[in-house]
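Chemist: Read off the chains here:
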Amino acid sequence: MRFADMSFREKGAWITCLALVGVFTPFFWNSWQQFTGARDRATAISTAFGLLALFVVVEIVAHAVLAMLSPREARTPKDERERLIEMRATFLAFQVLVVGALLAVAVIHATPSAWVMQQVVLFAIVVAELVKFGTQIVLFRRDA
Amino acid sequence: MGCAIRNRIRELRAAHGEMTQQALADRIGVTRQTVNAIELGKYSPTLEMAFRIAAVFGAPLDAVFQFDGTV
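Protein sequences, first through last, are from chains A and B. Our numbering numbers the first residue of the first sequence as 15 and each following residue consecutively. Our numbering numbers the first residue of the second sequence as 314 and each following residue consecutively.
It should be emphasised that the hints constitute simulated quantities derived from the structure, not laboratory data. Treat the hints loosely; a few may be bogus.
A few chain A residues facing chain B, derived, Cβ under 8 Å [what the hints assert, rightly or not]: (1) D54; (2) T57; (3) D93; (4) E94; (5) R95; (6) E96.
Only pairs whose alpha carbons sit at most 25 Å apart, straight line, appear in this in silico DMTMM-like list of lysine to aspartate or glutamate [to be verified]: (7) K25(A) - E143(A); (8) K355(B) - E73(A); (9) K92(A) - D157(A); (10) K355(B) - D339(B); (11) K355(B) - D54(A); (12) K355(B) - E94(A); (13) K355(B) - D157(A); (14) K92(A) - D19(A); (15) K25(A) - E94(A); (16) K92(A) - E73(A); (17) K92(A) - D381(B); (18) K25(A) - D339(B); (19) K92(A) - E143(A); (20) K355(B) - E324(B); (21) K92(A) - E352(B); (22) K355(B) - D381(B); (23) K25(A) - D157(A); (24) K92(A) - D339(B); (25) K25(A) - E352(B); (26) K355(B) - D19(A); (27) K355(B) - E331(B); (28) K25(A) - E87(A).
Treat the numbers as computed from the prediction; the structure is a model and nothing was measured. In this text, a Cβ means the ideal position worked out from N, Cα and C, and glycines have one as well.
Could you build all of it, start to finish, from the sequences and the hints given here?
Modeler: What follows is the structure in structure tokens.
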């Protein structure tokens, strides 16, 4: 299946998935380095904020370009199949988020550090989003 | 999202001047990919969508969709 044959929503899901992997892999690597002491706090914090800003910019620019390339599809509301796919993907992502939240609760007992808990919660959110958009891609592919 | 509902959409599109999937999608308010998924039997449309498709072809519902399963 070529990119051009995909629906507007599937292209959007691919963009978000790639942006999540591309930005949050170095983000959590940066956090790990801060945790192990390989990177000082100030550098790690500025890198983390830089990567978060990069994610926002990539998302806005990529989705804007996608909408400009397919203006009609961008204006069309989601149809019933797309809504069903989104609901299934969100349901699955929510389960992942719940597990992540429970993990964060466990972590706060093991390591009484707000920073570690913050990283665990962020990680759970990112993984849940990956599951959400990844599931959407799988379901779009399965029906194609 | 596989289903036990067969359909004659491909045949009916051909009978209606080789109507494209995109043209049918525009008439019923869905994406071309959704029409394709319905046509291939990979997605069962809602009752409302099924009636819309039948209306486009000016055919009764059971001339477009047939249930293959058992009750």
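Chemist: Against this structure, judge whether each hint is valid.
Modeler: Structure-based check of each hint:
Taking 8 Å as the C-beta contact cut-off toward chain B, the hint placing D54(A) at the interface is violated, the least distance being around 49 Å. A distance limit of 8 Å between C-beta atoms decides the matter here; for T57(A) the minimum to chain B is near 46 Å, and the interface restraint is violated. For D93(A), the suggested interface contact is upheld, since its CB lies about 4 Å from the closest CB of chain B, less than 8 Å. For E94(A), the interface hint holds, the least distance from its beta-carbon to any beta-carbon of chain B being 6 Å, beneath 8 Å.
The interface hint given for R95(A) is met, as the beta carbon of that residue sits about 4 Å from the closest beta carbon of chain B, less than 8 Å. The beta carbon of E96(A) comes within 7 Å of a beta carbon in chain B, closer than 8 Å, and the hint placing it at the interface holds. The straight-line distance between the Cα atoms of K25(A) and E143(A) is roughly 16 Å, inside the 25 Å bound, and the hint therefore holds. At most 25 Å may separate the alpha-carbon atoms for a hinted pair to count; K355(B) and E73(A) exceed this at roughly 31 Å.
Proposed proximity of K92(A) and D157(A) is supported: the alpha carbons are some 16 Å apart, at most 25 Å. Restraint check for K355(B) and D339(B): the C-alpha separation of about 20 Å stays at or below 25 Å, so the hint holds. Between K355(B) and D54(A), the direct Cα distance comes to roughly 53 Å. Violation of the 25 Å bound is thereby established for this hinted pair. In summary, the hint linking K355(B) to E94(A) is supported, as the alpha carbons are separated by about 14 Å, within the 25 Å threshold.
A C-alpha spacing of about 6 Å is found between K355(B) and D157(A), which places the hinted pair at or below 25 Å, so the restraint holds. Between K92(A) and D19(A) the alpha-carbon distance is near 17 Å, which keeps this suggested pair within the 25 Å criterion. In summary, the hint linking K25(A) to E94(A) is supported, as the alpha carbons are separated by about 18 Å, within the 25 Å threshold. Between K92(A) and E73(A) the CA atoms are separated by roughly 19 Å; this keeps the pair inside 25 Å, and the hint holds.
A hinted pair counts as satisfied when its Cα atoms are at most 25 Å apart, and K92(A) with D381(B) does not qualify at roughly 29 Å. Only pairs whose Cα atoms come within 25 Å are accepted, and K25(A) paired with D339(B) is accepted, the gap being roughly 20 Å. For the suggested pair K92(A) and E143(A), the alpha carbons sit about 19 Å apart, so the restraint of at most 25 Å is met. The hinted pair formed by K355(B) and E324(B) meets the criterion: a straight-line CA distance of about 17 Å does not exceed 25 Å.
At most 25 Å may separate the alpha-carbon atoms for a hinted pair to count; K92(A) and E352(B) meet this at roughly 19 Å. For the given pair, K355(B) sits about 14 Å from D381(B) by alpha-carbon distance, which is consistent with the 25 Å threshold. Among the hinted pairs, K25(A) with D157(A) is consistent with the structure: their alpha-carbon atoms are about 15 Å apart, no more than 25 Å. The suggested pairing of K92(A) with D339(B) holds, with an alpha-carbon distance near 13 Å, which does not exceed 25 Å.
Annotation: proposed proximity of K25(A) to E352(B) holds, straight-line Cα distance about 22 Å (limit 25 Å). Restraint check: the Cα-Cα separation between K355(B) and D19(A) comes to about 17 Å, which is no more than 25 Å; the hinted pair holds. Straight-line distance between C-alpha atoms of K355(B) and E331(B) comes to about 22 Å, which keeps the hinted pair within the 25 Å bound. Only pairs whose Cα atoms come within 25 Å are accepted, and K25(A) paired with E87(A) is accepted, the gap being roughly 11 Å.
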